[in-house]
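With the hints in hand, could you dock these two chains into one complex?
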Amino acid sequence: MEERIRSVLVAFARLPIEVDKLGRDDDLYRAGMTSHASVNVMLGLEDAFDIEFPDEYLRKGTFESISTIMAVLGQLEVEVPAHG
Amino acid sequence: MVEVAIHGRHDAGVPDHLKLATDIGSEVAGPAAAEVDEQSRFPVEAIDAMRSAGLLGALIPTEMGGLGWTLGQVAEATTTLARYCSSAAMVQAMHQIQVACLVRHGDSPELRAFTERVAREGLLLASATTEAGIGGNVRMSSCAVERDLDSFQLRKQAPVISYGEYSDAILATARRTPESPASDQVLVLCRRENVTLKPTSEWDAMGFRGTCSLGFELLAHGDAADILPVAYGDISSQTMLPVSHILWSSLWFGIASEASDRARKFVQAAARRNPDITPPNALRLAELTTVLQEFQDVVFAARARYAAIQDSPDQTTAIGFAIAMNSLKVSASTLVVDVVQRALLICGMAGYANRSPFTLGRLLRDAYGAQLMVNNDRINANNAQLLLVHRKM
Ligand SMILES: Cc1cc2nc3c(=O)[nH]c(=O)nc-3n(C[C@@H](O)[C@H](O)[C@H](O)COP(=O)(O)OP(=O)(O)OC[C@H]3O[C@@H](n4cnc5c(N)ncnc54)[C@H](O)[C@@H]3O)c2cc1C
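As you go down the protein sequences, you meet chains A and B in turn. With the numbering used here, the residue at position 41 of the first sequence is 41, and numbering never jumps. With the numbering used here, the residue at position 116 of the second sequence is 1116, and numbering never jumps.
Just chain B, with the same shape it has in the complex (with noise of 0.2 Å):
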């Protein structure tokens, strides 16, 4: 059972999930959201009552001290914080990829001491996978970490790193030696007291203005007991790319789902004021919400799929698994931005406006995002590569 750390309103049949999820939505996330974006600065007070009611450590089992939630469950709950405020549930997804890492492949005492103190403190995770003169190519690093007996040192150019500032830790790529080729990656816990961040680049973005996703000069150093001990190809591909295509797309269908609720709240608001004529734009609203459980059927199906296979290591390194995750993750990008185009249709003007019950602005830039977090363009030319020797959908 989760403890409600926010005055719970006890709803009969609301999963707890859920209810902490709204209650961190409604009562912190979602009040802020505004000002989060206007100043692009990082939501402070949502991350605060997420650590305080456990949720940073949701993926970690009750054995060690986390609330021991599914992927499904936390998938859920950022479906419904993205509705309050995309930004902190992204911060919050980001974070929560990388615990599921740290879960499934940090297996050493210190590693395991460490994920212990994620879920007894709350501590925040971000990831610097992506660096500068390799683009999005996140299976090719130029960085190698560099070890002398017992430690290690890693400089990285990371173009963004989303609330780097702000987190007690980061989790890198880097080659693993300087003579390593570069697709021969580790993942690297580099622990705030042992990283230099050097600012590289301002963050004032067109959305996601929350994650603060500035660029750095990361400079880091710790014991080689850090290392993660399992090649990143294998963490890639079981763990870190199937959790962030499946927390990703929910997260774009909370954004998805707001922006429909607020156009069926402008159709019926319409249909009251004049109950004789079926409104014109209720036949927009039909096809938005059409298209919406569509979105919704995607992103199941991906969580359910990757629910039966996730503890098949020959199952999630399969080619076919590969090619749906990629597939999940075009068509999720692709179709938040479509459902919020929909929805500014049906609520025009009032959906235009910056300060209006139907405002729509925030959702549709923050939605814009979903296609370059990982470029599309990779992704496609990455299956485009996978189909040519796959067999069967």
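Chain A with its partners taken away, still in its complex shape (with noise of 0.2 Å):
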């Protein structure tokens, strides 16, 4: 799951430094993703994901790390296929 979320970072979170350098708890913010951007990620993540963030979770602090947004799969019970 870790290495598809990096991967829909490397699309579109457009960050000043590289994605592999960020460790898993590293705030994306502070790490220069905008609000723009942000949306981006959302958006790539319903794609890689095939999934549809429920409201709920449509809020700063639910794509704030790499962590968070693993919390947040976790609990949408997304599949993850195994060499995925």
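None of these hints come from the bench; they were simulated from the model. Computed from a predicted structure; not experimentally measured. It cannot be assumed that every hint is accurate.
[What the hints assert, rightly or not] Residues from chain B shown here face chain A by an in silico Cβ test under 7 Å; the list is partial:
#1 ALA1318
#2 ILE1319
#3 ALA1384
#4 GLN1385
[What the hints assert, rightly or not] If you anchor each label on the Cβ, the simulated ranges turn out as follows:
#5 B:ARG1378 x A:ILE17: 51 to 59 Å
#6 A:ARG30 x B:ALA1381: 22 to 30 Å
#7 B:GLU1110 x A:GLU3: 41 to 49 Å
#8 B:ASP1261 x A:ARG30: 44 to 52 Å
C-beta: ideal position from N, C-alpha, C; glycine also.
If you want it as structure tokens, here you go:
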């Protein structure tokens, strides 16, 4: 799951640093993700995991770090293919 | 209970905060409004009256020396003040926005002590969020805070700092460090004694002429404790953006209400001269009133929406709430022009004339500022992006 999240971040978060260098708990907004880019990340995640974030998750905190995203995807019981 | 510093009319049933705003408006701000506008000068007498009545500390809790008003009460006072002098009301509103940020996010002994001084001494706070080269995108900074152990330095090219020269402190946005990306911002309290302002432009504008919104190069230094401890992104979504849009829309509603009153009096005077026939512009007044009521409902609903969730960061940082507050700003800033223009059509030449009891020139000029204070195109573009993921209104 983390690999996929990272590839969505590479594609859409538009960070001035390399996503590989980000720790799981690093603050993405502090790393330079704008609110505009965060919407693109949400769309990218919805496409990558074939889900729709329910309303209550559409807030800043959900997309603050790789681990907060993983926690929410976990709660949405996202199925990760074996080699995903 | 609020002490009315100006000899108060004790009208039964009028809440204290409205009585205070009406007194300052009718006795101080209103009489000076035409001159403030003509000379594009700071509404010094109105702000002094607000200071001595404690209004500049209205949002600060009573245990910290303030009046402990709710945002709703401040919003209502802003509507009332705007009827008399939109510039004085705007200075007051912009100040209260900064106070709201300090009250909610200035959670350190040093910042608490400063907030208490705002209440006790009636310090006036200004804002430098926009930056040269960045335009109205207030969620990006190019300037950065430079820290040296316990102190900081900041240099910012600010295209507009309303009443900067008259303020006791300026809250400025900047990147957290010189290495930080443009969106990683902090809010810095720049105290007057630590600030040098070099004017870079004049203020001779179409409206809100009394706000003295010159451009400046801001040079500030100070104690690192004057950097607010929370990310500006959080301050913005939880407090600065909703409070700005709520107070501004309340202010614009005051401008619209005043224009509507002038139109109503104009139609009623015509009706008294000729009671047999309903004046033809009474129909236009009916149409205006429909728009004004729509305006009022938008403004009141937004206040209630925020009041219900203001202490819940989960809810104030939700995308749906951001969309609602953005929409409030866009509606209110367009409705104010619509209402004043309708009033102008009703009053005709009496409204077009600069010296007439029905004059609408200043109100219309001020009303046009609303769409530019954070350009509506930018706000709509922001909402367009947020709506790509939003589910239900
Ligand atoms: C009375 C008044 C008082 C003010 N007081 C202060 C103050 O105290 N402190 C402060 O910091 N600022 C203040 N401001 C300024 C702030 O509100 C302005 O929004 C800011 O300076 C932007 O100015 P601008 O119109 O030149 O730029 P822009 O916002 O860049 O707009 C210029 C044009 O560019 C277009 N545009 C540019 N980018 C985009 C985009 N991404 N999407 C859509 N359209 C875009 C807009 O449609 C518009 O036509 C004040 C403004 C007014 C009117």
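Status of each hint after checking the structure:
no.	hint	result
1	ALA1318	holds (4 Å)
2	ILE1319	holds (4 Å)
3	ALA1384	violated (10 Å)
4	GLN1385	holds (5 Å)
5	B:ARG1378 x A:ILE17: 51 to 59 Å	violated (27 Å)
6	A:ARG30 x B:ALA1381: 22 to 30 Å	holds (24 Å)
7	B:GLU1110 x A:GLU3: 41 to 49 Å	holds (45 Å)
8	B:ASP1261 x A:ARG30: 44 to 52 Å	holds (50 Å)
This entry does not satisfy hints 3 and 5, going by the numbered hints stated previously.
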